[in-house]
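S.K.: Listed in order, the protein sequences are those of chains R and U.
My numbering numbers the first residue of the first sequence as -6 and each following residue consecutively.
My numbering numbers the first residue of the second sequence as -6 and each following residue consecutively.
You may find that some hints are simply not true.
[Unchecked claim] Chain R residues, not near chain U, derived (Cβ > 12 Å throughout):
#1 G53
#2 P101
#3 Q207
[Stated by the list, open to error] Simulated restraints on C-beta separations:
#4 P248(R) <-> Q38(U): 51 to 59 Å
#5 K179(R) <-> G100(U): 50 to 58 Å
#6 P95(R) <-> D104(U): 51 to 59 Å
#7 H289(U) <-> G108(R): 23 to 31 Å
#8 A118(R) <-> S144(U): 41 to 49 Å
#9 R115(R) <-> Q38(U): 29 to 37 Å
#10 R25(U) <-> L288(R): 25 to 33 Å
#11 S144(U) <-> G53(R): 42 to 50 Å
#12 R112(R) <-> S144(U): 31 to 39 Å
#13 P278(U) <-> R115(R): 58 to 66 Å
#14 K179(R) <-> D104(U): 27 to 35 Å
#15 A155(U) <-> G108(R): 34 to 42 Å
Quick caveat, the hints were computed from the structure, so don't treat them as lab data.
Please read these numbers as outputs of a predicted model, since none were measured by experiment.
Cβ atoms here follow ideal geometry from the backbone N, Cα and C, with glycine treated the same way.
Protein chains: 2
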Amino acid sequence: MRHGSKNENSILKRIFARGADSAQNLPGRAVRLGIGDDAALFRPQRAHETILTCDWFLEGTHFRRDKHSPDAVGWKSLARALSDVAAMGGVPRCFLLSLALPESHTGPWLDAFLGGLRRASRKFACTLAGGDTTRRREILISVTVVGEIRSTRAVLRSGARAGDIIYVTGRLGEAELGLRILMRSKTPPRSSNPLLIKHLYPEPRLAVGQWLAQERLATSMMDLSDGLSSDLARLCAASGVSALVDSALLPVVRPSKAGRGPAFDPLQLALHGGDDYELLFTVRPSRLNMLPKTLHGVPLTAIGRITEQRGLVLLKQAERERQLHPGGWDPFRNTR
Amino acid sequence: MRHGSKNENSILKRIFARGADSAQNLPGRAVRLGIGDDAALFRPQRAHETILTCDWFLEGTHFRRDKHSPDAVGWKSLARALSDVAAMGGVPRCFLLSLALPESHTGPWLDAFLGGLRRASRKFACTLAGGDTTRRREILISVTVVGEIRSTRAVLRSGARAGDIIYVTGRLGEAELGLRILMRSKTPPRSSNPLLIKHLYPEPRLAVGQWLAQERLATSMMDLSDGLSSDLARLCAASGVSALVDSALLPVVRPSKAGRGPAFDPLQLALHGGDDYELLFTVRPSRLNMLPKTLHGVPLTAIGRITEQRGLVLLKQAERERQLHPGGWDPFRNTR
């Protein structure tokens, strides 16, 4: 079966042409050799560790072809992987793109996808270094991001200790609400809606993560991708501690005309809503005076504290404490 | 929709448990932090560059659930990505695994898959450092391999010059013939068949690639994944040269009872057969005396020379020269 002009070589060339200009802006020209050879070559900085992370972004599982614009798919596929670098306190350097596409999507769809990807690549100074393309009935994306951090400075999930105060950046549940707005719209909703922007164009909290790591302020950190109830349980398990969250302190979604619907419950959204890509971190009580209320325009909010028992997450609500079970996104439990 | 016990956390734990033991064997303990945090941390060696490559391995495109054992899928998904590191002359260090599976395959299938993956991981000293899992109707795999090479020693595709002699490792077309045997068998064929082994369990030519890079013998190099006719054209394009291949010199498949069929043509298999994962490289005529006939048990065969025109591949057969068009595997042109 022959398909004429479009082949893997030409698709790789187009991706390279679109990704190449961002390489020029990269400090230190960390990528010596980009797409077009068997592999990419990256020049690590001295006294730094390399951060490695990969993320699926799959049609039907993570986005829908009929609901999500190719521009948003391009942006988000990179942004969500960058969020893992932010969660370590690292600086992104370059990324690899594995892309499978239907033949019908190698024209305008691919161009728009690469447009969104390139804007994210420029904004977060993360160069396209290589990739693999193939043809497929469905759109499949896997992004690997390479970052760096000064040796021993990376903030792990495992460092939380009893007494530490639990913080989050931003507001929780906004992206989930944005997703609901998108899903119930029959026509494309107004793209200026901030809830929709939070869902379609998340901003990894790189500057906040880097500052917390540099100042050695965070004892543990991770990003909120699956929802607070699921992710905080993971942080507690990794650190061998428990957590007590005060529902009154949670930075919940503000009610708005666009977002309110029959199932609008700000607390549930904040506890279980996924895709926020905010940071969850812990700070020793003695260092709280170092933390500003907002950093680079992003609010930092104390939501509870770490306690001694192992692996429990408790929620305090109206003077009562109850166990909070993971209710966030789990691909092996949920179907979206 | 809830599925009870199996969730992403438990699947990641099993993958980690199976992958972790290989981390202990790694020289220098390059991976400081494995699966279980937001990202992995890798310690680069001084005066080395980091090699980065990613490869799709998708059900229906690259393997078939009913034909390929999970053990072979595990082995090959890593081995083919390692071949790109071999093609640069590098040493593999660690890899990231993106895996999407049906719920029905999270039991014995996953165990057997991880078994094959672990054997490849041990044999080629490449540790599982991280990954991402999700549920999916079809089995999707993307592997990112991280390798290292002393700075400036990587062998690129772009270094071939007129007069250089073209070499390949091993025999060409064996894997394609192995695939045909597998496809026409109604029952699983005998696994001791070397052609089948070449298709199911390819061995990346890491030792040969490393030696060629160390000795600075190869002026250009790449791996043969899509077939000589397609891959040599890529090497010529990258180097801005042409190539003349002598059909009489090609290390073609030896006829065997198992492999011979109605469409058995050793020359066509050698020119266009994919998946061999042998190395294609060029050497200056003045340095040919440095090259042994076999290296680490792998034959090295001169098959032609680089010429001056740009971008052409010519095949000499029975004293005639004709242009050789890329006829190997291209996912945007072929359907398997």
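S.K.: Against this structure, judge whether each hint is valid.
M.R.: Hints versus structure:
1. G53: 8 Å, violated
2. P101: The claim stands: P101(R) keeps its Cβ more than 12 Å from every Cβ of chain U (closest is about 17 Å).
3. Q207: 17 Å, holds
4. P248(R) <-> Q38(U): 51 to 59 Å: With a Cβ separation near 54 Å, P248(R) and Q38(U) satisfy 51 to 59 Å, so the hint holds.
5. K179(R) <-> G100(U): 50 to 58 Å: Hint violated: Cβ distance 41 Å, outside 50 to 58 Å.
6. P95(R) <-> D104(U): 51 to 59 Å: Cβ of P95(R) to Cβ of D104(U): about 33 Å, so the range 51 to 59 Å is violated.
7. H289(U) <-> G108(R): 23 to 31 Å: 47 Å, violated
8. A118(R) <-> S144(U): 41 to 49 Å: 23 Å, violated
9. R115(R) <-> Q38(U): 29 to 37 Å: Distance hint for R115(R), Q38(U) holds at roughly 31 Å.
10. R25(U) <-> L288(R): 25 to 33 Å: 27 Å, holds
11. S144(U) <-> G53(R): 42 to 50 Å: 43 Å, holds
12. R112(R) <-> S144(U): 31 to 39 Å: 32 Å, holds
13. P278(U) <-> R115(R): 58 to 66 Å: 46 Å, violated
14. K179(R) <-> D104(U): 27 to 35 Å: At 45 Å between Cβs, range violated.
15. A155(U) <-> G108(R): 34 to 42 Å: For A155(U) and G108(R) the Cβ distance comes to about 40 Å; the hint holds.
Hint compliance for this structure: hints 1, 5, 6, 7, 8, 13, 14 are broken, all remaining hints hold.
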